[in-house]
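Peer 1: The listed protein sequences derive, respectively, from chains A and B. Using full-length UniProt numbering, the first residue of the first sequence is number 1, and each one after it goes up by one. Using full-length UniProt numbering, the first residue of the second sequence is number 1, and each one after it goes up by one.
Derived from the structure by calculation, the hints contain no laboratory data. It is possible that part of the hints are untrue.
Identical copies look the same in the list; a pair holds intra-copy or inter-copy alike.
[Unchecked claim] EDC-like cross-link-like pairs, simulated, lysine to aspartate or glutamate; straight-line CA separation at most 16 Å:
hint, residue 1, residue 2
1, Lys77, Glu3
2, Lys138, Glu234
3, Lys138, Glu17
4, Lys138, Asp34
5, Lys77, Asp34
2 protein chains.
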Amino acid sequence: MDELELIDRFFRPLAGEGALGLLDDAGFVSPSSDRDLVVTKDMIAEGVHFLPGDPPETVARKALRVNLSDLAAKGAKPLGYLLALAQTPGCDEAWLRAFCDGLASDQERYRISLIGGDTIASPDRVTVSITAIGTLPKGRMVHRSGAKAGDILYLSGTIGGSGAGLAILQNRADADLLADDRAQLVLRYREPQPRTDLAEAVCRHASAALDISDGLAGDADKLASASGIRAVIEAQNVPLDPALSQLFGHGFSLEEALTGGDDYEILAAIPPGEEGGFKEAAARADIPVTAIGCVEAGGDRAVILKDGQEMAFSHRSFVHGSH
Amino acid sequence: MDELELIDRFFRPLAGEGALGLLDDAGFVSPSSDRDLVVTKDMIAEGVHFLPGDPPETVARKALRVNLSDLAAKGAKPLGYLLALAQTPGCDEAWLRAFCDGLASDQERYRISLIGGDTIASPDRVTVSITAIGTLPKGRMVHRSGAKAGDILYLSGTIGGSGAGLAILQNRADADLLADDRAQLVLRYREPQPRTDLAEAVCRHASAALDISDGLAGDADKLASASGIRAVIEAQNVPLDPALSQLFGHGFSLEEALTGGDDYEILAAIPPGEEGGFKEAAARADIPVTAIGCVEAGGDRAVILKDGQEMAFSHRSFVHGSH
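In isolation and in its complexed conformation, chain A is listed as follows (with noise of 0.2 Å):
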């Protein structure tokens, strides 16, 4: 199939706005004169942040995802990406015709649209990159190097199912979940749900934000980095996946939920008068949020406390491809 047959077929139903039709060289955004637009780009290889062999509906919904996860996290509603799929000779029409089923149904949750991309071919390895543009109010993106001493720590959701599902599928982790739980937490490792619906409460209530998608110890060492500010966290308030009880000392531990990747959750750093706005807004938009830390000066990373001591990690990161 070349690649306007493969435009024709299967990517045109997802063109929106701007893209005009992907019949062009490339797309335009008419950006109101009230907002800024926000810019990210994420790329997952096949063997590195998904795994041979997972269904292609689940590819294209973690390529979107986790780009945007990080436009949530700076307060930014998302309006649309592009796409640049790299695609192997086993992708065949059944297996694109998922992939674009996958976009296509988080296009309608996301309310987002295909703004232009590319397609080539590789060898060997699927590749997906995207780029996902949001939008917010001038001047407001909610950036990482804003939180001050007195700030509170929220943290969105739970952590450690995405890194209890990778180590699933890898069979490192045996414990006799049952099955529910199971998929549970492949699904979690599989498909990342952004917290889109909280973008508004982060950029209305947040000195700081940055989304979880390399481990909790690292990421709130990155924000405690950025700010010039101390990040304490106690391991007792973090809420972890309800599962993952079941595959401690199986396996798994809480080291590695504090430190796993794909949580795609938000940490923000909500001073002291705005945490009453932000609870307010959290629970409009249905999203559990919880305290799980303060901000104190000096110091530029994160303590994570366990009965009074501070944790120890192997490594404070995840590091997509090493297990």
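Add chain B to chain A, keeping to what the hints say.
Peer 2: Chain B in isolation, oriented as in the chain A frame:
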């Protein structure tokens, strides 16, 4: 080297406005209220769009420039870009240094900067995906679809040189070329020259335009199809790279020049009343432009005439990686 060190040592010096030092989840663009943004995303892969062993600085420039070429064809001035690099174990410090030097010199040349991106590990194949962002006055993007009967077709520069450069690198073309001509053709393949300085002339005067990346014949078909017109081109008027004549009959042909890839010239449809203005603007930008044909009503493809007869081609479009 972990990703933080990689960013710190190699990519941070490339970061410009909106990139936040590449220390955040995303970058931002704050366009002025009278501008639209044009966005394009092309991916290139080792062994498909460039050859293993190509100098890393030319790989970087090619990845960037194929995108800048799209912007120029739409009449947009480049603003910045996002980069995703899948690097192999062979991408050592010297490789990365040269790759980033290639980007740095082009940033200066085209007055752009890096806004954001991603680096991932790839076991076996360097892949570079770039999203370029340009700006132009609101509503003024030049589409492929605007050509009207009576318009004159103009081509920038010359074509065929890049295809000949690839044929030389692949030992398919065997003429006893002068060393200078050989080097110039190979450079043409490795380092396209996007017609950035022609963008304003295109924006002001063209009814339709696109960049020639997959061969003049096939790309003229695309303009014709999008506009619902017949593009009639006289082969004798098409300016060819001057070094080509030495190769004709020695493994390279006029047909290959008209259907080879990677020319990155601009084909523009200019209404008769705009011809003077377009030629003057091109001359001010110091870019040669040549009238190569005209637009006729009806049809949806290009016709390339030689001695009054339509030329036949085994393939009208170049497929990257097919040679």
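Peer 1: Of the numbered hints stated previously, which ones are contradicted by the structure, given in increasing order?
Peer 2: 1 and 2
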